[in-house]
Amino acid sequence: MLEAIRTGEATTAQELATSLSLLLPSVSRAVSTLERNGMLLKAHGKLFLPEQEVEHQALLEDGKEKALQKAAQIKESYNELRTKYHRHIDFFKLHAKYGEWDKAVMLLVRAWNIVDRNYYNLTGDWQGREKLKRSLTATVKAAGLNKVDLTALLTEMGDRTYSHDKDMTYPEIKSVLRALGLDLPLSQRERDEQETRDRSIAEALTRRREQAERSEQ
Numbered sequence: 001m002l003e004a005i006r007t008g009e010a011t012t013a014q015e016l017a018t019s020l021s022l023l024l025p026s027v028s029r030a031v032s033t034l035e036r037n038g039m040l041l042k043a044h045g046k047l048f049l050p051e052q053e054v055e056h057q058a059l060l061e062d063g064k065e066k067a068l069q070k071a072a073q074i075k076e077s078y079n080e081l082r083t084k085y086h087r088h089i090d091f092f093k094l095h096a097k098y099g100e101w102d103k104a105v106m107l108l109v110r111a112w113n114i115v116d117r118n119y120y121n122l123t124g125d126w127q128g129r130e131k132l133k134r135s136l137t138a139t140v141k142a143a144g145l146n147k148v149d150l151t152a153l154l155t156e157m158g159d160r161t162y163s164h165d166k167d168m169t170y171p172e173i174k175s176v177l178r179a180l181g182l183d184l185p186l187s188q189r190e191r192d193e194q195e196t197r198d199r200s201i202a203e204a205l206t207r208r209r210e211q212a213e214r215s216e217q
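Under the UniProt record's numbering, the first residue of the sequence shown carries the number 1, and numbering increases by one thereafter.
If you are wondering where the hints come from, they were derived from the structure by calculation, not from laboratory data. Note that the structure is a prediction, hence the values are computed from the model and not measured. Where hints are given, some of them may not hold.
[Said to hold, decoys possible] Heads up, simulated PhoX-like pairs for lysine-lysine below, C-alpha to C-alpha not over 25 Å straight-line:
id, residue 1, residue 2
1, K131, K66
2, K174, K97
3, K133, K93
4, K147, K133
5, K93, K66
6, K97, K147
7, K103, K174
8, K103, K147
9, K141, K131
10, K97, K133
11, K174, K141
12, K131, K84
13, K93, K103
14, K141, K103
15, K174, K131
16, K75, K133
17, K147, K93
Build out the structure end to end from the sequences listed, making use of the hints.
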């Protein structure tokens, strides 16, 4: 019956209600995740993919047809994301194979953003997102990017980083590479900023300690 719901073959509201009532215990946590993050779909059926299904009451209120239309829309969005992600990964591997690391890195960042942002926003599936991140990290190591001098690579890429992808910033690229567990030393500017932050924290702690000592006196 779960498959019938997903494919639209369930024929009556009673069939849907019966099947969904069996699904609710396993769905409640995922529904709560979406509600907490303000991402629960408001229009028609409240549904998210890939493996979770609809909230019982929403389906009964809005009707089978509208709920399944919404399901189809979200499933289409999910499939588009999945296709785009795998295309990025396939081309990442291809460019990595031929040592075209500048192009490979750009594709890697796009794949990461799909997993980190789009996938989670659509599905609310935190565990699935983390699983994909681990898979992506393994793919990066298998391709040999962890053996590349990333500092030299990013310096070589320079302004070309922005030439065809205006919304992909240099700091974002570095952040993604570090999130993937790659060794990327801090630049002089980043070291200066970190030292400034550390100094500010130390000064604040000193002032707090001195203030506490004066209060005790």
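So, going through the hints one by one against the coordinates:
The hinted pair formed by K131 and K66 fails the criterion: a straight-line CA distance of about 32 Å is larger than 25 Å. Restraint check for K174 and K97: the C-alpha separation of about 22 Å stays at or below 25 Å, so the hint holds. Restraint check for K133 and K93: satisfied, since their Cα atoms lie roughly 16 Å apart, inside the 25 Å limit. Distance restraint check for K147 and K133: the Cα-Cα separation of roughly 19 Å lies within the 25 Å cut-off, and the hinted pair is therefore satisfied.
Proposed proximity of K93 and K66 is contradicted: the alpha carbons are some 41 Å apart, above 25 Å. Between K97 and K147, the direct Cα distance comes to roughly 13 Å. Compliance with the 25 Å bound is thereby established for this hinted pair. Proximity of K103 to K174 is assessed by CA-CA distance (about 15 Å); at most 25 Å being required, the pair is judged to hold. Note on K103 and K147: the hinted pairing holds, with a Cα-Cα distance of about 16 Å set against a maximum of 25 Å.
For the hint linking K141 to K131, the alpha-carbon distance of about 16 Å falls within 25 Å, and the restraint holds. This hinted pair checks out: K97 and K133 have alpha carbons roughly 21 Å apart, not beyond 25 Å. A threshold of 25 Å between alpha carbons decides the hint, and for K174 with K141 the separation of about 16 Å falls inside it, so the pair holds. For the suggested pair K131 and K84, the alpha carbons sit about 18 Å apart, so the restraint of at most 25 Å is met.
For the proposed pair K93 and K103, the alpha carbon gap of about 10 Å is at most 25 Å, so the pair holds. Distance hint between K141 and K103 is fulfilled; the C-alpha atoms sit about 16 Å from each other, no more than 25 Å. Taken as a hint, the K174 and K131 pair is honoured in the structure, with Cα atoms around 21 Å apart against an allowance of 25 Å. For the given pair, K75 sits about 21 Å from K133 by alpha-carbon distance, which is consistent with the 25 Å threshold.
Straight-line distance between C-alpha atoms of K147 and K93 comes to about 15 Å, which keeps the hinted pair within the 25 Å bound.
Comparing the model with each numbered hint stated earlier shows that hints 1, 5 do not hold.
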